[in-house]
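Let the sequences and hints guide you as you build the complete structure.
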Amino acid sequence: MRLPDYGLKGGLAPEQIRTLHEKAMWLIETSGIQVPHQGVLKLLAGHDGVRIEKDIVRFKPEVVLRALKAAKYDVPEYAKTGWVMSAGAHQTNCYGLDTGRLRLPTTQDLVDFLKLGDALDTVGSAPVIPMDVPVHLQHLLMHKLAYEHTRYRCNDIYEHMDKPSYECAMYVREMAQAANKRFAFGIWMISPKSFDERNLEVAYRLRDLGIPMWVATMPQAGVTAPITILGTVLQSMFEIFAGLTVLALMNPKGHNYISPADAFEANTFDMKYTTFVYGSVEYIQHSLHQIALCKHYGIPIIVKSLLSTAKEPDAHAAAEMGIHTFIAALAGARAFRCGGLLSTGEVYCGEWVVILHEMIEYIKQVLKSEDFSEERLMVRDIVEVGPGGTYVDKRSTYELFRQEYWTPRLFEHSNVGQWIELGSKTMRQQAQEAARRLIAGHSYGIDGNVKKELDKIYERARRDQALEKSLKLQI
Amino acid sequence: MFEEIKQAIITGNEAQAVKLTQALLDRNTEPQKVLSQGLVAGMDVVGARFKAYEMWLPEVILAAKAMKAATALLKPYLEKSGGSMKLGKIVIATVEGDVHDIGKNLVSMMLESAGFDMVDLGVNAKVSAIAEAAVKQGADLVGLSALLTTTMLAMKPAVKAIRGASSKVKVMVGGSPITQEWAKEAGADGFAPDALRAINLAKGLLGLES
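Protein chains in written order, with the numbering used here: chain A, 55 to 529; chain B, 165 to 374.
Derived by calculation from the structure, the hints in this document are not laboratory data.
Keep in mind the model is a prediction, meaning the values are calculated, not measured.
Backbone N, C-alpha and C define an ideal beta-carbon position, used for all residues, glycine too.
Warning: the hint list may mix true and false statements.
Claimed, not checked - In silico BS3-like pairs for lysine-lysine, Cα to Cα no more than 25 Å straight-line:
| id | chain 1 | residue 1 | chain 2 | residue 2 |
| --- | --- | --- | --- | --- |
| 1 | A | Lys448 | B | Lys229 |
| 2 | B | Lys183 | B | Lys239 |
| 3 | B | Lys183 | A | Lys448 |
| 4 | A | Lys123 | A | Lys108 |
What the hints assert, rightly or not - Covered stretches of chain B, going by a simulated chain A footprint (3 or more residues, C-beta under 8 Å):
| id | region |
| --- | --- |
| 5 | 288 to 299 |
| 6 | 356 to 362 |
What follows is the structure in structure tokens.
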């Protein structure tokens, strides 16, 4: 017999989710969204249940429901039973593992962080943008190196890498095909109720290739969405349902889905510092709404709990991320994202990924299921050991002590005297050392011929003026 | 066969350690050799691995139990041959006002397995009783333990009393709130943060090979 699983009570009730759903459908049908792309508008115009006035598009609920029903989520095998940590998402600042100081990431940093992430079984997008290569090659290199050095990066529904132009997208697709990796394209809604025209243009040009496409949105409470978290969640729901419907009608050859990474995203905003606020009390409350909604709509749950406004890998970061992740885990989440990010996602920190990996392992151990049995009550041992005796020399202690208790990699149980003897290293120093060891010991790599093929594609892209121009125009 | 005894100790195989010790004695092997090249050699490995955090307490305790059983067999032979298995005599106690003894007992057990002759005064030991025992028992070393920041203060008068009773006996201190700084403040000769390091410290204070 096992102990019942731990859980969290409260949060959105079924009837409240039903109300949110109805309101979202009503908003899509009456308020509508802006689609600032003539080609896409023409594609949508031919369908029943679609009403277009200038560039405002409204969908009947049945069209939206069809899109929701058809949405498909390729959950990777590793996520079906295990816990998942996604680490990093194309940051332009990092703490150097060698100096511990803030700097622009280089190609070598990208390789190191990819190897580190892979050694810790992390997933998601490429962690940093290599700022030492020209802009038009940055995203290509991020995909290429992720393919070369990792098993999961840029390769499943947990990634949401930008492909900022059609030319860039096509090169990434070619590399993905060469490396036998998954390729998908995402459209971002621009809250409130619109899209980025250039982003739509890329999706429009890719529409006949049969590729998976996802939609995401990031409304900001009080700025691009209503001030309440519930109001922002409703707007998020309305926008991604409408966006998914656009995809369903314009990309029928590929399957479409709501990006789990940003499903029902409702960002909180600080009016004092005018910044995004990840890791705040209200953001945690949003995560709980997100988990409830993802469960209801069958969307894989991945919670942005590994974020904080902390600028350094410190107590602030640990408290917010630890509490957020633990509460999310109690609510049923087993996948967590944005590992290694600090300062609301502005900075990447490799050693912090190591610490977070430990933190998630810690939470996992707390929530692991336990047998309740006569054997585990150990009545016989209690009887056998007399007053003043000890259990430390019992055979049962010897046989069980390693499996009964989790052995941390970083959160050592030593006392202060032992710690001093071991060099008085701070948690950050220990994590840096662990990170360097993991990078040095990382051995995954792709087949040499595939690497040669990727090199060829990259070299061609490097000389492609059309690619360079496609991104310069955006800047 | 020395290597096999060594392995029996390292793996905490008490039956095997006793069997092999008896077999060597039956072959008229010098008991001092059995002790140093088999049993102590095994415990040295255990100590080194424990210090490197490769072996953990229950494994060390099991090894110590195997060591104890084998040395019990060896003891009469050693005495007959004029040899000695004891590195020195240590009086150990939890200081006055403190009734915590898990750490003290572990240290005592480890020191005993390392070859020290232990006299355990238990918990809540009065300053005068510790000093008297040190003299009466002819102790080379006194180990004082305390768990609380309030009771560790009793170490200071205890050290003073021991010094007053004997100028030769060394004093080492340990326990959760104890630091090197406090050991110095209390006038002790040394501090160890855990049971294994207590062995090294005791050997060091008595000028034995560490």
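Structure versus earlier hints - violations, ascending order: As far as the earlier hints go, 4 and 5 are violated by this structure, in ascending order.
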